[in-house]
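Visitor: Single-letter residue listing:
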Amino acid sequence: MNTLFDKIWDAHVVSLVEDGPTQLYIDRLYCHEVTSPQAFDGLRARGIRCLRPERIFCMPDHNTPTHDQDKPIEDPVSKAQVDALARNAAEFGLTHYGMMSPDNGIIHVVGPEKGLSLPGMTIVCGDSHTSTHGAIGAVAFGIGTSEVEMVLASQCILQQKPKSMSIRIEGALGKGVTAKDVALYLMSKLTTSGATGYFVEYRGSAVRSLSMEGRLTLCNLSIEMGARGGFVAPDETTFAYLKGREYAPKGEAWDKAVAHWRTLRSGEDAVFDRELVFDAADIAPMITYGTNPGMGMPIDGSIPLDATPKALKYMGFDAGQSLLGHPVDYVFLGACTNGRIEDFRAFASLVKGRRKAPGVTAWLVPGSWAVKRQIEEEGLDRVLADAGFEVRQPGCSACLAMNDDKIPAGKYAVSTSNRNFEGRQGPGSRTLLASPLTAAAAAVSGVVTDPRTLL
Amino acid sequence: MKQKFDIIESTCVPLPLENVDTDQIIPARFLKATTRDEKFFGDNLFRDWRYAADGSPKADFVMNDPRYGGCILVAGKNFGSGSSREHAAWAIAGAGFRVVISSFFADIHKNNELNNFVLPVVVSEDFLSELFASIAADPSMKVRVDVPAQTVTNLATGRSERFELNGYKKYCLTNALDDIDYLLEQKDKIESFERARQSD
Numbered sequence: 001m002n003t004l005f006d007k008i009w010d011a012h013v014v015s016l017v018e019d020g021p022t023q024l025y026i027d028r029l030y031c032h033e034v035t036s037p038q039a040f041d042g043l044r045a046r047g048i049r050c051l052r053p054e055r056i057f058c059m060p061d062h063n064t065p066t067h068d069q070d071k072p073i074e075d076p077v078s079k080a081q082v083d084a085l086a087r088n089a090a091e092f093g094l095t096h097y098g099m100m101s102p103d104n105g106i107i108h109v110v111g112p113e114k115g116l117s118l119p120g121m122t123i124v125c126g127d128s129h130t131s132t133h134g135a136i137g138a139v140a141f142g143i144g145t146s147e148v149e150m151v152l153a154s155q156c157i158l159q160q161k162p163k164s165m166s167i168r169i170e171g172a173l174g175k176g177v178t179a180k181d182v183a184l185y186l187m188s189k190l191t192t193s194g195a196t197g198y199f200v201e202y203r204g205s206a207v208r209s210l211s212m213e214g215r216l217t218l219c220n221l222s223i224e225m226g227a228r229g230g231f232v233a234p235d236e237t238t239f240a241y242l243k244g245r246e247y248a249p250k251g252e253a254w255d256k257a258v259a260h261w262r263t264l265r266s267g268e269d270a271v272f273d274r275e276l277v278f279d280a281a282d283i284a285p286m287i288t289y290g291t292n293p294g295m296g297m298p299i300d301g302s303i304p305l306d307a308t309p310k311a312l313k314y315m316g317f318d319a320g321q322s323l324l325g326h327p328v329d330y331v332f333l334g335a336c337t338n339g340r341i342e343d344f345r346a347f348a349s350l351v352k353g354r355r356k357a358p359g360v361t362a363w364l365v366p367g368s369w370a371v372k373r374q375i376e377e378e379g380l381d382r383v384l385a386d387a388g389f390e391v392r393q394p395g396c397s398a399c400l401a402m403n404d405d406k407i408p409a410g411k412y413a414v415s416t417s418n419r420n421f422e423g424r425q426g427p428g429s430r431t432l433l434a435s436p437l438t439a440a441a442a443a444v445s446g447v448v449t450d451p452r453t454l455l
Numbered sequence: 001m002k003q004k005f006d007i008i009e010s011t012c013v014p015l016p017l018e019n020v021d022t023d024q025i026i027p028a029r030f031l032k033a034t035t036r037d038e039k040f041f042g043d044n045l046f047r048d049w050r051y052a053a054d055g056s057p058k059a060d061f062v063m064n065d066p067r068y069g070g071c072i073l074v075a076g077k078n079f080g081s082g083s084s085r086e087h088a089a090w091a092i093a094g095a096g097f098r099v100v101i102s103s104f105f106a107d108i109h110k111n112n113e114l115n116n117f118v119l120p121v122v123v124s125e126d127f128l129s130e131l132f133a134s135i136a137a138d139p140s141m142k143v144r145v146d147v148p149a150q151t152v153t154n155l156a157t158g159r160s161e162r163f164e165l166n167g168y169k170k171y172c173l174t175n176a177l178d179d180i181d182y183l184l185e186q187k188d189k190i191e192s193f194e195r196a197r198q199s200d
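Same order as they appear, the protein sequences are chains U and G. Quick note on the numbering used here: the first sequence kicks off at 1 and runs consecutively. Quick note on the numbering used here: the second sequence kicks off at 1 and runs consecutively.
Keep in mind the hints are simulated off the structure, nothing from the lab. Remember, it's a predicted structure, so these values are computed and weren't measured experimentally. Errors might be hidden in some of the hints.
[Said to hold, decoys possible] Derived lysine-lysine pairs resembling BS3-like cross-links, with alpha carbons at most 30 Å apart:
| # | chain 1 | residue 1 | chain 2 | residue 2 |
| --- | --- | --- | --- | --- |
| 1 | G | K170 | U | K163 |
| 2 | U | K161 | G | K39 |
| 3 | G | K39 | G | K58 |
| 4 | U | K79 | U | K243 |
| 5 | U | K161 | G | K58 |
| 6 | G | K2 | U | K7 |
| 7 | G | K77 | U | K163 |
| 8 | U | K313 | G | K77 |
| 9 | U | K175 | U | K7 |
| 10 | U | K7 | G | K39 |
| 11 | G | K39 | U | K79 |
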């Protein structure tokens with residue numbers, strides 16, 4: 001009752017279906033190439049157009065190669081999917097940021113950075129990490145392809161209203177502890193289903209102190225606790241981030257918008273269906289040892305004795321084992337989770353003056369061309385090059401093995417992405433999820449290393 | 001595929017694993033199709049558990065065990081977690097399943113199943129563990145899912161439970177109507193919502 005989630009949700013209710021779901025109005029739909037082609041086919045089969053094409057933005061990201069994007073995609077099946085999105089966007093009159101467009105990138109990186117995602121909005125995309133946009137103070141959630149078709153056709157979706165959860169994190173985060181560690185910590189406590197059925201509002205001083213990039217990382221991972229979405233109420237950090245962005249309101253409209261956005265907060269009397277409180281001081285740099293993101297531990301901890309045997313067998317680990325010093329074959333910095341400028345700054349700060357360990361293959365993949373441009377403007381590319389690292393072209397890259405960047409079977413990868421499921425980064429790949437700092441520590445040492453020892 | 005639901009009685013395929021994520025249901029490399037070819041997705045359902053890298057069936061996976069079959073998949077709790085890919089629901093439908101029984105479903109996947117006329121049936125932990133035991137004892141045992149009555153019955157033990165299904169969705173499933181059919185009739189409401197918001 002009277003939570004920010006209620007306020008935003010209720011302001012978008014078009015109707016209540018009798019003995020059924022809510023018809024919810026959607027302010028922004030993002031489409032990528034993987035989960036949209038069948039939805040566009042559906043429109044064609046029904047002979048209908050998009051109701052509000054100006055609210056819909058399309059861009060390929062999953063299949064995008066992270067090198068030589070000026071050349072045609074080599075994999076014909078990937079190419080067909082990327083081409084289909086361009087064709088569909090043209091046919092239905094939708095904005096499309098194609099490959100090599102200076103606006104292209106991972107949809108969850110581009111939306112906030114262009115000011116397309118704004119406080120108070122409802123935002124959906126056929127992608128579970130749509131929860132990312134909650135960092136702006138929006139109700140944002142992932143949907144299936146049939147639901148993409150609903151929104152294309154009617155700018156509405158039929159949904160049951162989720163329950164609300166407050167996760168309050170108070171205190172100051174320790175040295176080397178990032179938003180990624182906060183999220184991995186929450187998952188390790190809540191499990192991958194602990195927040196299923198809920199929409200999470202992240203609150204408390206530790207959350208307020210996070211930059212917008214940090215909040216985007218935190219909200220990105222809401223789905224990994226099972227939550228449909230997670231958000232942070234907008235504040236001065238949000239407004240400072242949004243001001244001047246391409247699609248953010250300008251002039252008088254900006255002042256009016258900010259005045260409204262300031263009202264977007266849970267009431268003092270707000271009642272959540274579930275409330276959790278955590279102490280920031282309890283959170284250490286985290287790493288996962290298993291095959292779902294909830295199977296995580298402090299980097300200097302040991303694998304729980306009751307860890308799932310199937311997961312440990314897949315990973316080649318034993319219960320009770322410490323991971324410190326364990327050899328690492330690949331390091332992946334990027335994805336909608338950690339492919340933003342702050343993540344590259346963190347990685348660069350740790351590898352500066354050091355060298356990439358021999359035997360480690362490192363993929364550093366910016367989340368968008370805008371991030372790549374900023375890396376160059378800040379000279380981070382030179383810092384990274386001096387340490388033996390190359391910055392690739394933007395895309396989802398090794399997060400889910402739909403492009404050329406795949407981790408080979410049996411190899412260990414310290415990844416800043418979001419999922420360590422069996423085969424996620426390539427058949428047989430073994431993923432250790434961690435922060436950009438922990439990834440950097442592994443990249444320069446060749447083994448799992450506590451980043452705090454290198455700061 | 002749109003189809004009408006009434007009463008389904010079938011043997012079951014048991015998958016007594018928890019947290020089965022959609023990357024296991026259909027790995028990402030099979031998401032490149034641009035059409036809704038349920039047979040293609042169905043053939044690759046649980047691909048890396050079901051087949052070795054060379055394409056040969058793994059004998060220890062339940063779908064390769066000739067004792068098990070039917071149109072009801074029974075899975076451990078938190079089924080369908082992770083990625084929102086609807087391809088997972090297409091794969092389940094394409095492999096011939098019409099019902100998935102579990103004690104807990106991930107939200108997005110549950111909606112995806114419903115939108116593809118695969119019925120997710122949520123049962124109690126107790127019912128689920130008894131059902132796994134019944135199937136292990138006799139793979140030819142059947143389960144009855146009565147959609148109009150909203151009941152699921154373990155025909156080996158006679159135990160029955162009521163499952164949740166809102167009136168709207170029940171009407172859709174029993175009449176083979178989908179949400180888009182409904183939304184397309186709501187254009188007036190959508191436009192009046194937009195007008196009201198403009199004038200705020």
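Visitor: For every hint, state whether the structure bears it out.
Guide: Verification of the supplied hints:
1. G/K170 to U/K163: Status holds; Cα separation ~22 Å.
2. U/K161 to G/K39: Status violated; Cα separation ~33 Å.
3. G/K39 to G/K58: It holds: about 20 Å lies between the C-alpha atoms, which stays within 30 Å.
4. U/K79 to U/K243: violated (36 Å)
5. U/K161 to G/K58: violated (41 Å)
6. G/K2 to U/K7: violated (35 Å)
7. G/K77 to U/K163: holds (20 Å)
8. U/K313 to G/K77: holds (21 Å)
9. U/K175 to U/K7: Distance ~36 Å between U/K175 and U/K7 Cα, so the pair is violated.
10. U/K7 to G/K39: violated (43 Å)
11. G/K39 to U/K79: The hint holds at about 22 Å.
The structure fails hints 2, 4, 5, 6, 9 and 10 (numbered hints given earlier, in ascending order).
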